[in-house]
Each structure stands twice: as structure tokens, then as C-alpha cells.
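2 protein chains.
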Amino acid sequence: MSKPSSDRLAARAPATSRYDTVRLSHGSGGKLTLELIEELFVATFSSAPLEELNDAAVLANPGGRIALATDSHTVKPTFFPGGDIGRLAVAGTVNDLAVMGATPAYMSVAFLLEEGYDMAELERVVRSMKHTADEAGVAIVAGDTKVLGRGHGDGIFINTTGVGFIPDEVNLGVGVVRPGDKVLVNGTLGDHGIAVMSRREGLDLSVELESDVAPLNGLIAAVRRAAPNVRFMRDLTRGGLAAVANEVVRRQAFGLRVFDARVPMNELVEQYSEMLGIDPMLAANEGKVMVIVAPDEAEAALTAMRAHQYGRRAAIIGDIVRRPEGVALVETAYGSRRVLEMPIEEQLPRIC
Amino acid sequence: MSKPSSDRLAARAPATSRYDTVRLSHGSGGKLTLELIEELFVATFSSAPLEELNDAAVLANPGGRIALATDSHTVKPTFFPGGDIGRLAVAGTVNDLAVMGATPAYMSVAFLLEEGYDMAELERVVRSMKHTADEAGVAIVAGDTKVLGRGHGDGIFINTTGVGFIPDEVNLGVGVVRPGDKVLVNGTLGDHGIAVMSRREGLDLSVELESDVAPLNGLIAAVRRAAPNVRFMRDLTRGGLAAVANEVVRRQAFGLRVFDARVPMNELVEQYSEMLGIDPMLAANEGKVMVIVAPDEAEAALTAMRAHQYGRRAAIIGDIVRRPEGVALVETAYGSRRVLEMPIEEQLPRIC
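Chains as they are written, first to last, in this note's numbering: chain A, 280 to 631; chain B, 280 to 631.
It cannot be assumed that every hint is accurate.
Label-pair restraints from in silico Cβ distances [said to hold, decoys possible]:
| no. | chain 1 | residue 1 | chain 2 | residue 2 | range |
| --- | --- | --- | --- | --- | --- |
| 1 | A | Leu-484 | B | Glu-330 | 40 to 50 angstroms |
| 2 | B | Arg-504 | A | Ala-339 | 18 to 28 angstroms |
| 3 | B | Thr-582 | A | Arg-529 | 25 to 35 angstroms |
| 4 | B | Leu-482 | A | Arg-429 | 16 to 26 angstroms |
Where chain B lies over chain A, by a calculated footprint (3+ residues, C-beta under 8 angstroms) [to be verified]:
| no. | region |
| --- | --- |
| 5 | 333-342 |
| 6 | 375-384 |
| 7 | 415-425 |
| 8 | 548-560 |
| 9 | 573-579 |
| 10 | 600-610 |
Rather than coming from a laboratory, the hints here were simulated on the basis of the structure. Quick caveat: nothing in here was measured; it's all calculated off a predicted structure. Cβ coordinates follow ideal geometry from the N, Cα and C atoms, glycine included.
From just these sequences and the hints, can you work out the full model?
This is how it looks when you write it as C-alpha cells:
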């Protein structure tokens, strides 16, 4: 993976605001709110609709079905190896749109800031959001800011809601998945969840693991050009591979089989997940997508993934099977099988 | 104003969930999350795109420019006379779209819930959202739920992001406002802000004041049919009339004059705002809109407002004047004038 740009952005920059911290008045709708909006949000995100400062952004409509995705982000720590809450918030919503076959176009951003939150940190988060939005080719066009009294929030919460457009010919979904289809992922699993948890738990690590957080719309577009019969895509966020594999087979007349040995995994993830007692197949990713594709297009999809900066370690990890129906299985190199269970309890709180 | 429906919804209902309170696992992306989403959100909001449980909702595109508005809601108390945070969240975003000339169509809803939040209260909020969305003719099509550890949130935060469509011929904005234009509001000012504050401050009130929270897209559509040359509309939320009046004149070659005696005001609002030391012209409304219209259409607009349930006490409160430029003024019955200042400091924290 290429060096994430957020490392550079994480360098401490002086606050350009005349306040070092967020005040209640920054969210009251008065002069200070306007100042924060104009000097930080509008100046950084720099899109024409945002500059209008209207109640709603007015946007060109290129046609096609509309895709709408919303996600709130509460990750702790706010900055982590390989990324930050801002990159996460933008990439997460971009990915939710892209896996539905949409071209992400517009995004709204809503901040809930706690009184006293560091203004310089807010600026770093905002710049990281802009950087990620630019990478994804998405315009940030609408926003909202509220400030919570001290002790009533937790630093920063970010909601991103994205709008994309789906060409008429796109037909993706579990409904078109067939036995024999191949299951691909674009790289190593568990990086984000284990990176955040190992940082939070203060593990004494010789080598720091980095989150995989990235916008995947570019990679997904390349895969779909190479493999027009992509059946289904889903980003492997909360609950990881396990959650998505179970979502695919739920109430369906087929199963999903994963070959344990083919699942790409970072060595550090294997080590640290053992120390943390977390199954990396259940850990969150923020730059990984599962793609199910017709068998005769699997190699083309794999090649397209590997040619992309976010797909160097892509692999065909399994397939769709006739039996057992409605179950996701992991098969080991020795042929033994276990059920890939849906996570029940909170395993990794507030990592995405 | 008709009796707000949320009073009925506020009656205590038993939780249908098997948990009395929100648990961390309700936000983890696992089984409990799915249960909460399916049994409460999907069941109550009941829209086809939501039932798909996809990463993004896939929606019909009727054409026209797209309007996108986002708003987070953190009101305390969650239930207040005349409404609740759910009705507020839906109506607020509907109104933001409608004042831009858009027909509101779709909405996403993102919850940030604190661990331990009462499940029965959440169900009441969700039902109130559905009721308000139905009243406004908007479909809730996408959602997200995150759970914050105890002490890291404050009960419930709701983000609503709305999508609407603007017909090609609509041309609204400060740019088309002209001296001589008339300024209307659809009823009494300050009701929401003063109702919430008096409840929060525990004022000993003989008569309880009710919030005006309501979706205004129906009223606005009626006004626009009656007065095709509406120039500008804005809902009078945070900062009230003062904030919007200043927004209109900012950097413009005209001023805005409000006749003090013509501003509709509830007697209770006058009394309580004095007790609270709050200027009702700066207080938030959640069911009031300022409409600027060509002078020859002002009476038609007024008549249309008054014929609507949310416009019974509508009035022409002022006009656009050539001088002084860039200033909003209040003129008293005696002819004296004062500047209607933009609110600077937090006057009414967390009321919308």
C-alpha cells in the first residue's frame, strides 16, 4: 500500500482560528458559527455550492438512479496509524456508494463538536477530509456544525452522507449471485481494526501496523470495467469478512465458502490479533471490498485489482456453493470446515 | 396551530425490543444491530429501499436539480411541549429543502445513541419521525446507528440528511431580491426557542407554551402557487428572525426593514421571553419561514399562508429598502429605529 497521505496531514499545524478551542458559540448559528464555517469549512472544502451558504446545496443532476448512503464516525483515537477520523468518514461513505455500483458525486458533512475540542486538530481533520474527497473525486457541498457542552460529547463526531448516480444498466445484488461464482477481496484483512485496537490498548509494538483506510471507488470502477458481470460488492467494515459473508448467504439458497489459506493477511495482524484475542476475519477494514463475480471473469477482476494501488495483495478467497444453504464456511488447508459466525457482541467498539 | 400529533405519540409505550436500554452491541454491526435495524427502524420507517439493508439506498431520480441538506439534532429535553427531537429532525431538514424551492423526496437518518438510552423512548422518537415524514411526504430510505459508551454521548443525537428536486424554472435567492419587495412570516415568532427554554429552566408556568415544530413544505408549495415571484425563503431556526434578516442583507445593496408592531407574537412568548431575558426575535423557530415576495404578490402569498394550518397568523412584517444598505432594521410604531443585530453568543444552547 502506498504511504497514506494523512501522515503528512497529521503534522501539527497552528490553528488559523482566533480561538484555540471550540466554543459553544461556534455552534449557535451566530457570528462565530459563520466565522468557523467560512474560514475553515468553506475555505478548505472549497466547492461552489458550499460557498453559497444556503440551507440546502443546489446540485447538477446527471441522471441515473440515485444512491444515498449515510454514516456517523466516532473513532477513538481520532488519529491512528495510517489515517484519521476525517479520511475514514469520507472514504467510508464513498465506499458505501461505490459498492452499490454508483459513481460518488456529492457529500454532506455534519460535525458534532464538544466544547473545548482542539481547533488545530479540527483543522487537521478537515484538511484530511478534503484530501480524501479530492482523491475520490467527490465534492463536499453541504454541512452542519453543532457544539455540545463539555462532557456531553466526546471530542468529535462526524456524519457523512453521500449521493451517487447509478447507470441504468447496472444490476448488482445478492439476487444475481449464483453457485460457482468466485469471491475476491482486494487485499489483507483486519488491518484497520487491529491497528486501531493495538494503538488504543497501548500494545508495545516493534513495528506499527497501519490502517487500510482508503476510498475504493477507483479500484471498483477498474474491476467493473474488467469484469462486467460483477454480481455483488460490499466493503468489509464493521464485523469484517464474517459480517459480509453472512449477509450474502442470509435467507439464500446457496452458501459461501472461504479457503482459509487464501485469505491475505498481514503478518503483524496475525500476531497482534492473537495478542488482542480478536479474530481478524471479524475485524473491521476501511479499504477492503468483497467482490463476487461470474467464474469466467474472476481472473480479469483479480488482475484489475492487483494493478490498482489499493489492490496489490488481492486474492480469490472462495466461492459460492450449493450446500450448505444459508451458511458461510471457512475451509482449512486440511479440508476441515468451520462456520464463519456472525459477530454477536461488541468486539471492537468505536473503531469506525 | 392544530394540536401537534407528537403529544399522542409521547404516550409511554412498552419497548418491543427484548432490551430495555440501548447496549453497545446495538451499534457494533453484529446480530443485535441487525435486530434493532429490522425490528425498529425498518419496521417503523417501512420504505422499500430501507428494507433492502444495502450500504446505500437506490432511488428513483425524477430529474431537476438536486437539493441536499444536512442537520444534526441534539435538543434537550428530548420531548418538549408541542414536539420532540424526532419531529424536529425530520421537519428541520424538510424545511431546509423546501425553502430552496425543492420538493423534498428522500431522507437518511443517522443515530448516535448513548449506551443505556431508554429503548421505549427511542421507539417513541422513531415513531414521531415516521409520522412527520409521512406528513411531509418524504421517504426515509437510508440509516446508520452507532452506540457511544456511557458518558461519551448524551442520550440521543440524530442527523437527518435530505434530498429534494428543484424544477428547472425555479429561481430563488438573495440575488433576485429588489427594493420594494415585501417580507412575510407565516406566524408567531419565538415559540420553539422559548417553549424549550422555559421547560428546561423549570419556569413555573400557568399555561404551557408549545413549540411550533412542523414540516412547512406543504405551506411553501401553496405560497409558491399563489405567488410565482417569490424571491427568497428561509426557515427561521437558530438565531431566529435576526439571523435570517442579517443573512439576507449581508453584502447586498439594500436593507431589510421590520415593523415591530406587525411581527406576530404569542402573548406567552412575550411574557416568558422577558422572564428568561431572551429577545424573541433572536429565538429559534421550527415551523416558521420568512418569505420575500414581489410587492404585487404579497397579498396573494399572505392569503395562501393564512389558508394553511401552519400559517393562520401569517403577516407581512416588513419590506426591502434601498437604505441603509446591508443592514436589518426594526422600526417601532413611533418611527424610531434600531439595528436588528446578528446574535453573537450562544443564547439558546441545544434547542434544535
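Evaluated hints:
For the hinted restraint 40 to 50 angstroms between Leu-484 of chain A and Glu-330 of chain B, the CB-CB distance of approximately 44 angstroms keeps it satisfied. Against the hinted window of 18 to 28 angstroms, the Cβ-Cβ separation of Arg-504 of chain B and Ala-339 of chain A comes to about 26 angstroms, which satisfies the hint. Under the hint 25 to 35 angstroms, the C-beta atoms of Thr-582 of chain B and Arg-529 of chain A, about 55 angstroms apart, miss the expected range. Between Leu-482 of chain B and Arg-429 of chain A the CB atoms are about 25 angstroms apart, so this pair conforms to the stated range of 16 to 26 angstroms.
Check on the region 333-342 of chain A: 9 of its residues sit with their Cβ under 8 angstroms from a Cβ of chain B, so the three-residue criterion for coverage holds. With 5 residues having a beta carbon nearer than 8 angstroms to a beta carbon of chain B, the region 375-384 of chain A meets the requirement of three or more and the stated coverage holds. For the region 415-425 of chain A, the stated coverage by chain B is satisfied: 5 residues place a CB nearer than 8 angstroms to a CB of that chain, which reaches the threshold of 3. With 0 residues having a Cβ less than 8 angstroms from any Cβ of chain B, the region 548-560 of chain A misses the three-residue criterion, and the hint is violated.
Counting residues of the region 573-579 of chain A whose beta carbon lies closer than 8 angstroms to any beta carbon of chain B gives 0, which falls short of the minimum of three for the stated coverage. For the region 600-610 of chain A, the stated coverage by chain B is not satisfied: 0 residues place a CB nearer than 8 angstroms to a CB of that chain, which falls below the threshold of 3.
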